[in-house]
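Participant: For reference, the chains in residue letters:
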Amino acid sequence: MGILFEDGNFALFRDGFLRTVELSLISGALALLLGVLLAAFRVSPVPVLRAFGTGWVTIFRNTPLTLLFLAVTFVLPRLEVHLPSFTLAVIALGSYTGSFVCEAIRSGINTVPIGQAEAARSLGLNFGQTLTSVVLPQAVRTAVPPLGSVFIALPRNSAIAGAFNVDEIFSVQQTWVDRGYSTIAIFCWIALAFLLISTVIAQLFRFLENRLAVAR
Amino acid sequence: MSSSSSVLYDAPGPKARARYRAFGLLSVLGIAALVWYAYAKLDDAGQFSGVLWAPFEYTGFQQRILDGLLTTLQVFGIAGGLSLLLGSVLAAGRLSDHKPVRAVATAIVQFFRAMPLVIMIFALYVSVFTSQRMLALVIGLTLYNGAVQAEIIRGGINALPRGQAEAGYALGLRKTQVMVSILVPQAVRAMLPSVIGQLVVTLKDTSLGYIISFYELLYSAKLIAGNTSTPLGYPYVQVVLVITPVYILMCLALTGLAKWIEARSRRGANRRTPAAA
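If you read the protein sequences in the order shown, they are chains A and B. Just so you know, we're using our numbering here: the first sequence kicks off at 1 and counts up by one. Just so you know, we're using our numbering here: the second sequence kicks off at 1 and counts up by one.
For reference, chain A alone in the conformation it holds in the complex (with noise of 0.2 Å):
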């Protein structure tokens, strides 16, 4: 169990984890903006938008997120578009978890009253209005416990990067094997790594659903 205080390996494990939590938040964030936005077209009243919305998701979330990883490294060099790695893996970690936000909210959209949208419209409001005054607020809240489980599963997908020249956790594992450390050591160690990321978006996801829970 004393890998981590020999040659160097807190450094490597220390900048390791810090590159699984920097590409977490980084996909989570592109993930939240992107899931937000399909959510909105998929429910708006442009059939090409709400076609748009529910292709985006169909294709997104069946694809294996290994091969949409394996498609960024291998196609977008093609299309004359040139980023590191960890940009690769942002985008393929958040348009994939993307789809899953969208799908998140619209299930919150549809657990929102009808009455609550009639009433907004009959004030007036016009359908962004009704939707980012009255709707989403609501629909966020519920959605919460799915939001949760989603992105508690980001920094686990987020685990693939390594295999695609991104130096966060799992490479850190790979080199810790080809070092030739005893594998059960170094799995505790990993697993410890995970285990924590994992408590602490639990612990904040439980803090969240508590504050904002909504008494219907």
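Hints listed in this document are in silico derivations from the structure and should not be mistaken for laboratory results. Bear in mind that the values here come from a model prediction, so they are computed numbers and not experimental data. Check before you lean on any hint, since a few could be wrong.
[As the list claims (entries may be wrong)] If you anchor each label on the Cβ, the simulated ranges turn out as follows:
hint: 1; chain 1: B; residue 1: W36; chain 2: A; residue 2: T87; range: 21 to 29 Å
hint: 2; chain 1: B; residue 1: G60; chain 2: A; residue 2: A202; range: 45 to 53 Å
hint: 3; chain 1: B; residue 1: I261; chain 2: A; residue 2: S182; range: 44 to 52 Å
hint: 4; chain 1: A; residue 1: R211; chain 2: B; residue 2: A190; range: 29 to 37 Å
hint: 5; chain 1: A; residue 1: T54; chain 2: B; residue 2: D44; range: 26 to 34 Å
hint: 6; chain 1: B; residue 1: V128; chain 2: A; residue 2: L18; range: 24 to 32 Å
hint: 7; chain 1: B; residue 1: T176; chain 2: A; residue 2: A11; range: 52 to 60 Å
hint: 8; chain 1: A; residue 1: N110; chain 2: B; residue 2: L26; range: 22 to 30 Å
hint: 9; chain 1: A; residue 1: N110; chain 2: B; residue 2: D67; range: 40 to 48 Å
[Stated by the list, open to error] So, partial list: chain A residues that the calculated Cβ filter (under 10 Å) puts toward chain B:
hint: 10; residue: V43
hint: 11; residue: F74
hint: 12; residue: L79
hint: 13; residue: S198
Note that beta-carbon positions come from the ideal geometry of N, C-alpha and C, so glycine has one too.
Add chain B to chain A, keeping to what the hints say.
Facilitator: Coordinates of chain B only, in the frame set by chain A:
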């Protein structure tokens, strides 16, 4: 259009219809511009020339993609079946009356649900199954998805009205009998859509075999692309364009099955208890 979306806006009048059309036109233009950009860039790079697509006509090429697909389905079949088995056992453990059994099952479920699958599969591969990549993949998939299935199955049983179990006990049945003949059959119907939903995740996750160089669909596709040299480079774009629809169609087929079963079981339930609202 679903009823939930129409509630956000009134039936459009002539002005609103014109506005929606304008928005629609703008979005079509925007999307078309993006698609055109991607197409033009790929075309500039010669990605649509026959040289890069020709390998797909070779039987060897087709055979290897087919082999990859079959391996993927094989891994999915085994891991899916085993995860359901493990899920039932763990769910039974979590609902046990014995505290130690409950604690152990809970710890197992929580641990494997929190652990990234990549890390587990890689650890299994380097520690035990160095020469049997398929086992590492199948066992990793089974542990993770089994833990998730356990929670789904437990949820299904907990969602049943308490009177169901109470009626069973009142008849003098033991706990096992109540579970097997009253609770589980009802829970199964309620949770089938979620169970199949998780099977879709299992199917997608078979692609993690890529990380340990196991010849499932994704890895064999990557190998094929990397080993096929054409005058215009390697056909990565083409291979991605071919296997992505394969994955999407497989997942959609499973999701379709879940929806069909849900609709069927709802019909069945209504027939039996017409009074239930």
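Participant: Which hints, by number, does the structure contradict?
Facilitator: No hint contradicted; all consistent.
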